[in-house]
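Engineer: Chains as they are written, first to last, in the numbering used here: chain A, 1 to 143; chain B, 144 to 286; chain C, 287 to 429.
Some hints here could point you the wrong way.
Said to hold, decoys possible - EDC-like mimics (lysine to aspartate or glutamate), calculated; alpha carbons at most 16 Å apart, straight line: (1) B/K174 to B/E204; (2) C/K300 to C/E419; (3) C/K317 to C/E429; (4) B/K147 to A/E111; (5) C/K290 to B/E254; (6) C/K400 to C/D372; (7) A/K9 to A/D86; (8) C/K290 to C/E419; (9) A/K14 to A/E111; (10) A/K14 to A/E133; (11) A/K114 to A/E17; (12) C/K290 to B/E169; (13) B/K147 to A/E143; (14) C/K317 to C/D372; (15) B/K157 to B/E276; (16) A/K14 to C/E292; (17) A/K4 to C/E419; (18) B/K147 to B/D163.
Derived by calculation from the structure, the hints in this document are not laboratory data.
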Amino acid sequence: MIIKLERIKLQTRKSEEAIDITAQVEDAVAKSGVRNGLGNVLTSHTSSGLLVTEGIPCLEEDILTHFSRLFPESEDYHHRRYLDYDGRLGFNADAHLKSVIGVISCTFPIENGKLVKGSRQTIYFMEYDGPLERIYFVQVLGE
Amino acid sequence: MIIKLERIKLQTRKSEEAIDITAQVEDAVAKSGVRNGLGNVLTSHTSSGLLVTEGIPCLEEDILTHFSRLFPESEDYHHRRYLDYDGRLGFNADAHLKSVIGVISCTFPIENGKLVKGSRQTIYFMEYDGPLERIYFVQVLGE
Amino acid sequence: MIIKLERIKLQTRKSEEAIDITAQVEDAVAKSGVRNGLGNVLTSHTSSGLLVTEGIPCLEEDILTHFSRLFPESEDYHHRRYLDYDGRLGFNADAHLKSVIGVISCTFPIENGKLVKGSRQTIYFMEYDGPLERIYFVQVLGE
Numbered sequence: 001m002i003i004k005l006e007r008i009k010l011q012t013r014k015s016e017e018a019i020d021i022t023a024q025v026e027d028a029v030a031k032s033g034v035r036n037g038l039g040n041v042l043t044s045h046t047s048s049g050l051l052v053t054e055g056i057p058c059l060e061e062d063i064l065t066h067f068s069r070l071f072p073e074s075e076d077y078h079h080r081r082y083l084d085y086d087g088r089l090g091f092n093a094d095a096h097l098k099s100v101i102g103v104i105s106c107t108f109p110i111e112n113g114k115l116v117k118g119s120r121q122t123i124y125f126m127e128y129d130g131p132l133e134r135i136y137f138v139q140v141l142g143e
Numbered sequence: 144m145i146i147k148l149e150r151i152k153l154q155t156r157k158s159e160e161a162i163d164i165t166a167q168v169e170d171a172v173a174k175s176g177v178r179n180g181l182g183n184v185l186t187s188h189t190s191s192g193l194l195v196t197e198g199i200p201c202l203e204e205d206i207l208t209h210f211s212r213l214f215p216e217s218e219d220y221h222h223r224r225y226l227d228y229d230g231r232l233g234f235n236a237d238a239h240l241k242s243v244i245g246v247i248s249c250t251f252p253i254e255n256g257k258l259v260k261g262s263r264q265t266i267y268f269m270e271y272d273g274p275l276e277r278i279y280f281v282q283v284l285g286e
Numbered sequence: 287m288i289i290k291l292e293r294i295k296l297q298t299r300k301s302e303e304a305i306d307i308t309a310q311v312e313d314a315v316a317k318s319g320v321r322n323g324l325g326n327v328l329t330s331h332t333s334s335g336l337l338v339t340e341g342i343p344c345l346e347e348d349i350l351t352h353f354s355r356l357f358p359e360s361e362d363y364h365h366r367r368y369l370d371y372d373g374r375l376g377f378n379a380d381a382h383l384k385s386v387i388g389v390i391s392c393t394f395p396i397e398n399g400k401l402v403k404g405s406r407q408t409i410y411f412m413e414y415d416g417p418l419e420r421i422y423f424v425q426v427l428g429e
């Protein structure tokens, strides 16, 4: 059995953005040497997401726009209070809620050394609270 | 280690519907010969979903109705524009958004040759943009 | 290959609550003897969830409050009718919908015998329809 874990760094540039990481995930699968198995992608942060949809800019905008419609920044959140452990006001409750409903991980099959997915499925790292340096995990397991 | 991947075809009949695929997934597990391990189910499309809930028609309707309440077809979506690569207007932004919040995959344990899940958990392929011929993946890994 | 499945019982105390199960999941990983592999956590119920976010009480409240804003108990649900098989009125459509959008499982890498996750990622069992005795699965697979 081959088991490989990669921690991949990512510098986001905006407060909110959808970053296509499909090539990086496919590269991690290729480097692992696994021919058949599973690949799991997971963000390591609670104000970001890991989401699979069609890879087109208008949809990226729609997801960010409509997540903000569901969870407006200006809502009255319990998290908007002084946080001792952070030494500042909690201002990103909307980012955490978007992370929760937009999902934080996905598992794909691997076959003949390649990630198996639909032709239109693009893997996105979702930044809801940037810009920040982010890390996501790609774990590959198989033989 | 046994690793088996099945691509299962499905013809959907309506613009939106919830199709119980529990028996097909359990059959793929049985055929794999895996006694203990994991099974992962994943749709291959970005306007469909893979969702687990109680298997009753009234709930299927509630999910479709309330997903449409959150993402009405008539909203003003960026995706509603001419798409060069498709040669047509993007008309299904709501379907993509439903796919994202309703989830596209689930991983279950396998024990003694059987998928482990709660007695009321039913596995659904969710069509948000049909009718279409669809494919979903069932990957089984274990020994 | 080591494959271990634990069914963990949990008595919830409120109609809705977020219960931190990170220590229980980490304990199941430690007991499994797996050094490197994957861990999958899954609720066995359709009116509960399994969700990962920052472990602070104000966020727990925000998630429960805003899920209830999206799916109010007083909405007109198809599920609110007499259910023969239950011998009672279906009253928890909102709980099922929260379960669906808040996710029911998550898969994490395991490395050097430990679950790999971000420093602020807390694993929650989400009760949307309690108080009840609940069971969730922790499956560990690796070597």
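Engineer: Please list, smallest to largest, the hint numbers that this structure does not respect.
Structural biologist: 1, 6, 7, 8, 9, 11, 12, 14, 16, 17, 18
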